[in-house]
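Protein chains: 2
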Amino acid sequence: MGKKLTKRSEDYSKWYNELVVRADLAENSGVRGSMVIKPYGYAIWEKMQAQLDKMFKETGHENAYFPLFIPKSYLSREAAHVEGFAKECAVVTHYRLKNAEDGSGIIVDPDAKLEEELIVRPTSETIIWDTYKKWIQSYRDLPVLVNQWANVVRWEMRTRLFLRTSEFLWQEGHTAHATREEAIEEAELMMNIYAEFAESFMGVPVIKGLKTESERFAGALETYCIEALMQDGKALQAGTSHFLGQNFAKAFDVKFANKEGQQEYVWATSWGVSTRLMGALVMTHSDDNGLVLPPKLAPIQVVIVPIYKGEEQLQAISEKVEGVVTELRSRGISVKFDNRDTHKPGWKFNEYELKGVPVRLGIGMRDMENNTYEVARRDTLEKQTIAADQVVDHVEALLEAIQENIYRKALAYREDHITEVNTFEEFKDVLENKGGFIAAHWDGTPETEEQIKELTKATIRCIPLNNNAEEGACVLTGKPSKQRVLFAKAY
Amino acid sequence: MGKKLTKRSEDYSKWYNELVVRADLAENSGVRGSMVIKPYGYAIWEKMQAQLDKMFKETGHENAYFPLFIPKSYLSREAAHVEGFAKECAVVTHYRLKNAEDGSGIIVDPDAKLEEELIVRPTSETIIWDTYKKWIQSYRDLPVLVNQWANVVRWEMRTRLFLRTSEFLWQEGHTAHATREEAIEEAELMMNIYAEFAESFMGVPVIKGLKTESERFAGALETYCIEALMQDGKALQAGTSHFLGQNFAKAFDVKFANKEGQQEYVWATSWGVSTRLMGALVMTHSDDNGLVLPPKLAPIQVVIVPIYKGEEQLQAISEKVEGVVTELRSRGISVKFDNRDTHKPGWKFNEYELKGVPVRLGIGMRDMENNTYEVARRDTLEKQTIAADQVVDHVEALLEAIQENIYRKALAYREDHITEVNTFEEFKDVLENKGGFIAAHWDGTPETEEQIKELTKATIRCIPLNNNAEEGACVLTGKPSKQRVLFAKAY
Chain A
0 MGKKLTKRSE DYSKWYNELV VRADLAENSG VRGSMVIKPY GYAIWEKMQA
50 QLDKMFKETG HENAYFPLFI PKSYLSREAA HVEGFAKECA VVTHYRLKNA
100 EDGSGIIVDP DAKLEEELIV RPTSETIIWD TYKKWIQSYR DLPVLVNQWA
150 NVVRWEMRTR LFLRTSEFLW QEGHTAHATR EEAIEEAELM MNIYAEFAES
200 FMGVPVIKGL KTESERFAGA LETYCIEALM QDGKALQAGT SHFLGQNFAK
250 AFDVKFANKE GQQEYVWATS WGVSTRLMGA LVMTHSDDNG LVLPPKLAPI
300 QVVIVPIYKG EEQLQAISEK VEGVVTELRS RGISVKFDNR DTHKPGWKFN
350 EYELKGVPVR LGIGMRDMEN NTYEVARRDT LEKQTIAADQ VVDHVEALLE
400 AIQENIYRKA LAYREDHITE VNTFEEFKDV LENKGGFIAA HWDGTPETEE
450 QIKELTKATI RCIPLNNNAE EGACVLTGKP SKQRVLFAKA Y
Chain P
0 MGKKLTKRSE DYSKWYNELV VRADLAENSG VRGSMVIKPY GYAIWEKMQA
50 QLDKMFKETG HENAYFPLFI PKSYLSREAA HVEGFAKECA VVTHYRLKNA
100 EDGSGIIVDP DAKLEEELIV RPTSETIIWD TYKKWIQSYR DLPVLVNQWA
150 NVVRWEMRTR LFLRTSEFLW QEGHTAHATR EEAIEEAELM MNIYAEFAES
200 FMGVPVIKGL KTESERFAGA LETYCIEALM QDGKALQAGT SHFLGQNFAK
250 AFDVKFANKE GQQEYVWATS WGVSTRLMGA LVMTHSDDNG LVLPPKLAPI
300 QVVIVPIYKG EEQLQAISEK VEGVVTELRS RGISVKFDNR DTHKPGWKFN
350 EYELKGVPVR LGIGMRDMEN NTYEVARRDT LEKQTIAADQ VVDHVEALLE
400 AIQENIYRKA LAYREDHITE VNTFEEFKDV LENKGGFIAA HWDGTPETEE
450 QIKELTKATI RCIPLNNNAE EGACVLTGKP SKQRVLFAKA Y
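Respectively, the protein sequence lines represent chains A and P. Just so you know, we're using numbering that gives the first Met the number 0 here: the first sequence kicks off at 0 and counts up by one. Just so you know, we're using numbering that gives the first Met the number 0 here: the second sequence kicks off at 0 and counts up by one.
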C-alpha cells in the first residue's frame with residue numbers, strides 16, 4: 000500500500016490529487032492537460048452515464064452524434080459565443096504528416112494546409128444548429144430533444160484531474176422549441192434532473208440557482224446551475240442548463256412555419272454535465288483513509304475478504320461464502336470475493352478502504368465457528384458482527400443507510416456553511432476563516448461583482464431559485480438590493 | 000414520403016446513399032468527411048455498443064479513457080505505425096483564436112503555436128503504451144485487458160456515410176500479456192467475439208481469416224479479420240484483431256519482471272470495430288423498400304398502426320391495443336403504438352418499411368369485429384391475419400424467425416458467391432460478371448498480390464482460418480501454392 004494519504008487538514012488540494020491517483024481513478028498523461036481515466040474511475044463514470052442517460056430518455060430525449068470538428072466560421076457566427084471560447088480553442092490546421100527531406104524525422108506537411116481551420120469542439124451549439132437548419136421546417140418538427148455523449152476540448156493553462164482538464168467527457172443536450180415558454184420549461188426541467196441525480200445518486204446536495212450575467216454561458220440569455228459545496232468550503236458548479244433564446248436560431252437562420260403558416264425563429268436550450276462530477280463526488284464524501292463512494296455509483300458495492308491460513312481454510316471459507324455471494328447478486332448487489340493469495344487481509348482492508356467500497360465483509364475461522372460475518376461500513380468505519388443467516392438482509396439495508404447517511408452528512412455540512420453577512424468586513428472574515436457560501440446583498444451590477452472578485456477571489460455562485468425577497472444594502476457599495484445572492488470561492 | 004428509393008439493380012451505391020439519409024440513420028455535415036449520426040441511426044449503434052460491451056466485460060475486459068491528442072513524437076516511435084497513419088492525420092498546431100487586428104474577423108493567434116504538434120488520434124496504441132509503461136512492472140500486473148469507446152480521425156479524401164468517414168466512432172481494445180501465446184490467444188478470442196456478434200446479432204455471416212502482410216495493421220505481426228459480403232458482391236472488412244508482438248512494448252520500453260525476476264518485453268494485442276458496422280448492417284439485409292433490421296438491434300421491434308376514421312374509432316382501437324402493448328413490453332419487446340393523427344396509415348406503412356421495423360401490426364374496424372390483427376413481417380413483406388389472443392406469442396416467435404431468416408438468406412447469398420477459379424481468365428470473368436469472393440491460388444508474394452490488384456482492383460481479403468491445404472498453381476504467375484486465398488473487390 001505504501002504510505003498514508005496526506006490529511007485533508009494538512010493540505011486539501013494535495014489530498015485530492017493523491018487520492019485520485021492512488022484510488023486508481025485517473026492520472027495525468029503525456030499530453031499537457033489531458034488525463035487518463037483509469038478502469039476503476041471509468042467504471043464510476045459509466046454508472047453515472049447509465050443513470051443520467053436513463054433520466055434523459057425518460058423525459059423524451061434521444062441521443063445522436065455530431066462532428067468533433069467545427070469550422071472556424073461556424074464558431075464565429077454567434078458573437079458572444081466565439082468571444083467566450085476563442086481563447087481556449089485547439090485548432091487543426093493541417094491534415095498530413097511526412098518525412099522531413101533532411102531526414103530529421105516526421106514533420107507536418109506544409110502542402111497539407113486546410114483552407115479553413117477546424118476547431119476541436121469546446122461545445123457543439125454551432126455545429127448542431129447548422130444541422131438543425133436542415134431538420135426543422137415546421138412546428139410539426141418541434142420540439143427537437145437531442146443529447147450527445149462526447150469529448151470536448153477547452154485549452155486550459157492550469158489543469159487538475161477531473162476538475163479542470165483540457166479534454167473532458169460530458170453530455171450536451173441541445174433542444175429546439177416553438178415557444179419561449181417551452182424552452183424555459185426545458186431548461187428548468189434539465190436543471191431539476193441534474194439536481195435529482197446529484198442528490199439521489201451522488202449523495203451531493205446542491206443549490207439550484209441562476210447565474211449572474213457575467214457568469215452566464217457564452218451565448219445564453221439565462222444559465223441555470225446546480226452548485227455544490229466541497230469539504231474545504233469551496234463551491235463547485237456541478238451542472239448548467241442554458242436558455243439560449245433565439246440567439247443560435249438567428250445566427251444559423253433556423254426558422255419554422257407556425258400553425259398559422261408564419262415563419263418564426265426557433266427557441267433553444269443546451270445543458271451539460273461532465274467528468275467534473277467525478278471531482279465533486281470525490282471531494283464531497285471522501286476522508287483521510289480514501290474514497291467514500293455512494294452505494295448507487297460504486298462499481299463494487301460489497302467486498303468479501305477471507306482471513307485464513309492455508310488452502311484448506313480458504314476452501315472452507317469459499318464454500319461458506321458462495322451462498323451469500325449468489326444471494327446478494329440476485330438482489331442486484333455487486334459483490335467481489337477477493338480470494339487472492341498474493342496479498343494479506345490487512346493489505347486488502349486498506350485497499351478497499353482507499354477505493355471506497357461501501358461494505359466489507361470479513362470472515363475468518365472464528366466467524367466460521369460462530370456462523371457470523373464481520374461487517375464494516377466504509378462511511379463511518381464502524382464494524383458489527385452479524386449472524387450469517389441475516390447478513391444478506393443486513394447488507395442490503397446497510398447499503399441504503401450509507402447512501403442516505405453520506406447525503407445527510409454532506410447536507411448538514413452545507414447547511415452549516417451558508418452564512419448570512421451584512422458588512423464587507425464580515426464577508427471577508429467568513430470567507431477567510433469559515434468558508435462556504437456567503438449569503439449577502441449585492442447591488443446587481445457587474446462592476447460590483449467584479450470588484451468583490453478582485454478583492455476577495457469570491458464570485459457569485461448563483462442567485463438561488465428559492466430566494467426570499469428581502470430589502471437590504473449591497474455588502475460592498477451599500478446600494479439598495481432586493482435579495483441575497485450566494486458568494487463563494489469556487490473550483 | 001416523397002419518391003421511391005433508387006433500386007439496387009439500377010445503382011447500388013446510390014441506393015445505399017439515399018437509404019442511409021432517408022431512413023434517418025445519418026447525413027453529411029458541414030465539416031468535410033464528417034457525418035452526423037441521427038437519433039434513429041444512433042439508437043441502432045447504441046444497441047450494438049451495449050451488446051459488444053457486454054461481451055467484452057464477460058471476457059474480463061474493463062473500459063478506460065485515454066487522451067484524444069497524441070504528441071507527434073509518440074506517433075513516430077513505432078516506424079511501421081507512423082508510416083501507416085502519417086498520410087491521414089489531423090494536426091493541431093495552435094491553441095487560441097483572436098480578433099484580427101485589421102478587423103477582418105476571427106483568426107488563429109500566431110502567438111499560440113504549440114511547441115510540439117498534437118495529432119488527433121487515428122488509433123491509440125502509442126498514447127496507451129506510453130501509459131502502460133507506468134502500469135506494468137511485474138508479471139502480477141498482467142494481463143492488462145482494457146477497452147476504450149472513442150472517436151478517431153483518419154483524414155479521408157473520398158468519404159461515404161458510415162463506410163468511410165474522416166471521423167468515426169469505434170471501440171479499441173488494447174491488451175498486454177506476459178507471453179506470446181497468451182497474446183495470440185487474446186487476438187483470436189476477440190476475432191471470435193466479433194464473428195459471434197456479427198452473425199448472432201447483426202445477422203451478417205462472416206469469414207474469419209488472416210490478412211496478408213500488405214493488408215496488415217501498421218505495426219502488427221498478424222491481423223485477424225472478419226470479412227462480410229454485401230449484396231453487390233463486394234466484400235467489407237467488418238472487424239480486425241491484431242497480434243502486435245512486442246513492437247509497441249519495445250517502442251515505449253514496457254518491460255515486466257517475470258516470476259524468475261528477469262525483465263522481459265510485454266506482448267500486445269489491439270482490436271476494433273467501428274460505425275462501419277452500420278454500413279455492413281444496412282447493405283447486407285436491406286431491399287428496395289428500405290431498411291431491413293435484425294430484431295435484436297432494431298430500436299423499435301414492433302409498430303402498431305391503427306386504421307380508423309374519427310376519434311371514437313381511434314379510442315376503441317387504443318383500448319384494444321393497450322393489453323398487447325403491455326404484454327409485449329413485459330416480454331422485453333420494444334413496441335411503438337403510432338396513434339398520430341397527422342399521417343395516414345398508408346404513409347405510416349411506408350415509413351416503417353423504410354425504417355426497417357421488423358414487425359408491423361395493423362388493426363382496423365374489421366379486425367376489431369373479428370378480434371384479429373394483421374401482422375406484416377418486414378423481411379419477406381408477408382402478411383397474415385392472427386387472432387388477437389395469439390398475437391403476442393406469434394409476434395415473439397416471429398421476431399426470432401426474422402432474426403434467423405435474414406441470417407440464413409445472407410449466408411446462402413454468401414455461400415453462393417464464393418467461387419473457386421483456377422485461371423486468371425476465370426478470375427477476371429467471375430470478378431466482373433458474378434462478384435463475391437474468389438477462392439484462388441496465390442504464390443504468396445506481395446508483388447503478385449499488388450499486380451492482381453492493379454489489373455483487377457481485387458485484393459486478398461483474407462487467408463481463411465478454416466482453409467484446407469491444397470497444392471496448386473498461382474492464378475497469375477503459375478508458381479506453386481499450398482492453399483487458396485479469398486480475393487474480392489472491397490469497400
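There could be a bad hint or two in this list.
Which copy is meant is left open, so a pair is good if it fits within one copy or across any two.
Mimicking DMTMM-like on lysine to aspartate or glutamate, the simulated pairs with C-alpha atoms at most 20 Å apart in a straight line are [as the list claims (entries may be wrong)]: (1) Lys-56 x Glu-45; (2) Lys-452 x Asp-231; (3) Lys-478 x Asp-340; (4) Lys-335 x Glu-350; (5) Lys-354 x Asp-140; (6) Lys-112 x Asp-140; (7) Lys-249 x Glu-100; (8) Lys-86 x Glu-115; (9) Lys-46 x Glu-57; (10) Lys-97 x Glu-114; (11) Lys-56 x Glu-368; (12) Lys-97 x Asp-287; (13) Lys-233 x Asp-428; (14) Lys-354 x Glu-61; (15) Lys-335 x Asp-140; (16) Lys-46 x Glu-61; (17) Lys-207 x Glu-310; (18) Lys-56 x Asp-337.
No lab work stands behind these hints, which were simulated from the structure alone.
How the hints compare with the structure:
Taking the closest pair of Cα atoms, Lys-56 and Glu-45 come within 20 Å of each other both inside a single copy (16 Å) and across two copies (13 Å). In the homo-oligomer, the alpha carbons of Lys-452 and Asp-231 lie at most 20 Å apart inside one protomer (19 Å), although the nearest pairing across protomers, at 66 Å, exceeds that limit. With identical chains, the CA atoms of Lys-478 and Asp-340 are never at most 20 Å apart, being 70 Å at best within one copy and 58 Å at best between copies. Taking identical chains as interchangeable, the C-alpha atoms of Lys-335 and Glu-350 lie at most 20 Å apart only when both belong to the same chain, with a minimum of 13 Å there against 48 Å between chains.
In the homo-oligomer, the alpha carbons of Lys-354 and Asp-140 lie at most 20 Å apart only across protomers (18 Å), although the nearest pairing inside one protomer, at 48 Å, exceeds that limit. When the C-alpha separation of Lys-112 and Asp-140 is checked against a cutoff of 20 Å, the pair qualifies neither within a copy, at 39 Å, nor between copies, at 43 Å. Neither within a single protomer nor between protomers do Lys-249 and Glu-100 lie at most 20 Å apart by alpha-carbon distance, with minima of 49 Å and 26 Å respectively. Taking the shortest alpha-carbon separations for Lys-86 and Glu-115, both the intra-copy value of 18 Å and the inter-copy value of 19 Å come in at or below 20 Å.
In the homo-oligomer, the alpha carbons of Lys-46 and Glu-57 lie at most 20 Å apart both inside one protomer (17 Å) and across protomers (17 Å), since each shortest distance falls under that limit. Taking identical chains as interchangeable, the C-alpha atoms of Lys-97 and Glu-114 lie at most 20 Å apart whether they share a chain (19 Å) or sit on different chains (18 Å). For the identical chains of this complex, Lys-56 and Glu-368 are neighbours neither inside a copy (51 Å) nor across copies (37 Å), given an alpha-carbon limit of 20 Å. In this homomeric assembly, Lys-97 and Asp-287 never come within 20 Å of each other (Cα to Cα): the closest approach is 51 Å inside a single copy and 45 Å across copies.
For the identical chains of this complex, Lys-233 and Asp-428 are intra-copy neighbours only, at 15 Å inside a copy versus 75 Å across copies, given an alpha-carbon limit of 20 Å. Within a single copy, Lys-354 and Glu-61 get their C-alpha atoms only as close as 34 Å, which misses the 20 Å cut-off; across copies the closest is 17 Å, which meets it. Taking CA atoms no more than 20 Å apart as the test, Lys-335 paired with Asp-140 passes between copies only; the shortest distance there is 19 Å, against 49 Å inside one copy. Taking the shortest alpha-carbon separations for Lys-46 and Glu-61, both the intra-copy value of 19 Å and the inter-copy value of 13 Å come in at or below 20 Å.
In the homo-oligomer, the alpha carbons of Lys-207 and Glu-310 never lie at most 20 Å apart, since the shortest distance is 56 Å inside one protomer and 43 Å across protomers. Taking the closest pair of Cα atoms, Lys-56 and Asp-337 come within 20 Å of each other only across two copies (18 Å); inside a single copy the shortest separation is 36 Å, beyond that limit.
The structure fails hints 3, 6, 7, 11, 12, 17 (numbered hints given earlier, in ascending order).
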